[in-house]
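J.: We have chain A already, so just place chain B on it with the hints.
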Amino acid sequence: SAVISQKPSRDICQRGTSLTIQCQVDSQVTMMFWYRQQPGQSLTLIATANQGSEATYESGFVIDKFPISRPNLTFSTLTVSNMSPEDSSIYLCSVEDVTGGTDTQYFGPGTRLTVL
Amino acid sequence: SQQGEEDPQALSIQEGENATMNCSYKTSINNLQWYRQNSGRGLVHLILIRSNEREKHSGRLRVTLDTSKKSSSLLITASRAADTASYFCATGRGGGNKLTFGTGTQLKVEL
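Chains as they are written, first to last, in my numbering: chain A, 1297 to 1412; chain B, 153 to 263.
The following block holds chain A by itself, in its conformation from the complex:
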């Protein structure tokens, strides 16, 4: 199974600032996914990040607010821009395990963001 790390694990930010979250995987993967989990809620997909192409965003999420980079097959970043208290959430990245042909998705430990 893939081992995924995220930085930072948590942060407290001021309104109007931006935060970049990093996601590192211990193996090369084609697709990486970014999810948001608002307090007390389930997970919602923000975007899919492929190496070498622009990220694909889900309805309700836009690139200006959540720019994503995918410079190589083991790394991705998600930036939360111009933050407001409504952006307070846990942000998680995930990858699909294709080596075993299982379609299993593994998740990073998450980044807990609080916006004041």
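None of these hints come from the bench; they were simulated from the model.
Where hints are given, some of them may not hold.
Over 10 Å on every C-beta distance to chain A, these chain B residues come out as not near it, computed from the model [stated by the list, open to error]:
id, residue
1, Gly168
2, Leu195
3, Asn204
4, Ser223
Ranges between beta-carbon positions, derived for each pair [stated by the list, open to error]:
id, chain 1, residue 1, chain 2, residue 2, range
5, A, Gln1347, B, Arg245, 19 to 29 Å
6, B, Ser176, A, Val1299, 24 to 34 Å
7, A, Gly1312, B, Gln161, 45 to 55 Å
8, B, Ser191, A, Thr1316, 21 to 31 Å
9, A, Pro1367, B, Glu169, 42 to 52 Å
10, A, Glu1350, B, Arg206, 18 to 28 Å
11, B, Glu157, A, Pro1335, 18 to 28 Å
12, B, Ala233, A, Ser1365, 38 to 48 Å
13, B, Ser210, A, Gln1310, 36 to 46 Å
Beta carbons are placed, not taken as given, at the ideal position from N, Cα and C, and that holds for glycine.
T.: Positioned in the frame of chain A, the structure of chain B alone reads:
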């Protein structure tokens, strides 16, 4: 919304009892995955069941899938206090595709 529903929303049981959580979804799927989340941390993958499978076991976990009813259940046998967590089902539509998560069940196992 394509989000699935889970019930119950919350479940409280005594250690040693069995816990059953149900998940319903709306679209056709290739697989369904169950995850555990402890105290707002990352998700731990528990089990994946494919659309052509009806039942799967892993340790104390038993998952069933009924594609005709678009539903799945997760049974945890002989529960322990350490099983206290939120449990989510997530449906996938095949390789490289995004997951759609259910609303989750909060399980509390008391000593």
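J.: Now, for every hint given, state plainly whether the structure supports it.
T.: Against the structure, the hints come out as follows:
no.	hint	verdict
1	Gly168	29 Å, holds
2	Leu195	4 Å, violated
3	Asn204	13 Å, holds
4	Ser223	17 Å, holds
5	Gln1347/A / Arg245/B: 19 to 29 Å	22 Å, holds
6	Ser176/B / Val1299/A: 24 to 34 Å	32 Å, holds
7	Gly1312/A / Gln161/B: 45 to 55 Å	35 Å, violated
8	Ser191/B / Thr1316/A: 21 to 31 Å	25 Å, holds
9	Pro1367/A / Glu169/B: 42 to 52 Å	49 Å, holds
10	Glu1350/A / Arg206/B: 18 to 28 Å	40 Å, violated
11	Glu157/B / Pro1335/A: 18 to 28 Å	20 Å, holds
12	Ala233/B / Ser1365/A: 38 to 48 Å	42 Å, holds
13	Ser210/B / Gln1310/A: 36 to 46 Å	44 Å, holds
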